[in-house]
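Colleague: Sequence:
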Amino acid sequence: MRALAALVLVGVLGQMAASAPAEIIPLSQVQAGMRGWGLTVVAGTEVSRFEVEVIGVIDEPGEQNDFIVIRAFGDAVERSGGIAQGMSGSPVYLEGKLAGALSRAAMWSAEPERPLGLVTPIEAMLKVLAEVKQQAPEGPPQEELPIPKELKKMGILHLKFCATPPESPNPRTLYSWPLSAPVVAAGLSPRALEIVRQGLDIRREDHPLLSLLSPWRTRLPGLTGPGIGRIIQAPPSTPDSEGLPFSPGAPVGVGLLSGDVSLGALGTVTLVDGDAVLAFGHPFLFSGRTDYFLSSAYVFDTVAALDAPYKLGSLGDVR
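For the sequence shown, this note's numbering gives the first residue as 18, with consecutive numbering after it.
Rather than coming from a laboratory, the hints here were simulated on the basis of the structure. All of these numbers come straight from a predicted model, not from anything done at the bench. Every residue gets a Cβ at the ideal spot worked out from N, C-alpha and C, and that includes glycine.
Pairwise CB distance ranges (calculated):
(1) Gln-48 to Pro-207: 44 to 54 Å
(2) Gly-61 to Gly-276: 25 to 35 Å
(3) Pro-129 to Pro-207: 23 to 33 Å
(4) Asp-92 to Gly-113: 12 to 22 Å
(5) Pro-43 to Gly-204: 40 to 50 Å
(6) Gly-113 to Glu-211: 42 to 52 Å
(7) Arg-306 to Gly-50: 33 to 43 Å
(8) Asp-277 to Gly-113: 39 to 49 Å
(9) Leu-274 to Glu-112: 39 to 49 Å
(10) Asp-92 to Val-278: 35 to 45 Å
(11) Val-278 to Leu-323: 24 to 34 Å
(12) Glu-95 to Ala-49: 22 to 32 Å
(13) Ile-212 to Thr-307: 14 to 24 Å
(14) Gln-48 to Glu-148: 25 to 35 Å
Start from the sequences and build out the full structure, keeping to the hints where you can.
Modeller: As structure tokens, then:
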């Protein structure tokens, strides 16, 4: 059994078959106008390719504030209804070299067939992996970052990060959110699944769980927060839905529970390098350095929902 170690950007450690290291393109060499491609699974076991074009680069002090602004397009994006939850970690290549992982999507894109997205540079992910046993992660990204000149030409004056859509969006402002990982559950009744989503009110004095909470708290919170996307009941797995071997663009699971009841998040592999797997490209649960179960995953289909498309999948065996 292997564990998944998460430190700001998700790194997976375990005994993996050795593979040739990927050639990378540093952020300093990325320029607006570059074209490339990304990899992800839309449905089944086929890793699909989508096209990308670089719009601009955000290069700020500290790797957690660096991003490549891209437009994604092509058949895989159109079939998905845009950039979907579960695509986080999808590797993006420029000039045939690995540039980073798709990690954020713009809200309310006026061009759903060519949505804006942000790519976390691969240098930042590799740095996290190298320091996972030595140092604490950097602080969270800034809520607002300077705008690349290419976005200013499009009439965008502000770029803001947010976990949920703002109630009153400001004009000429591009809002982006983490590509929250869809959480898939198995073995739960509909009522239990709703408790996972919404939490549980335990105001009754004789409730057996009341002693677990502080005196001023009367509710167990649901599984919500940055990094958590739609919580769905996983379709039953079948013998031919065991998932792909870990490779760039293949799905990967982060297990919170494993057994008769399973609960975990679905993402995409960015890079396999020797005994390490990098995935997601953004924080999960924002809980710092944490160990999770690493599992295979299977994508039945990608649902083009109006609020946010998401991958409908299930988690496989713990690796």
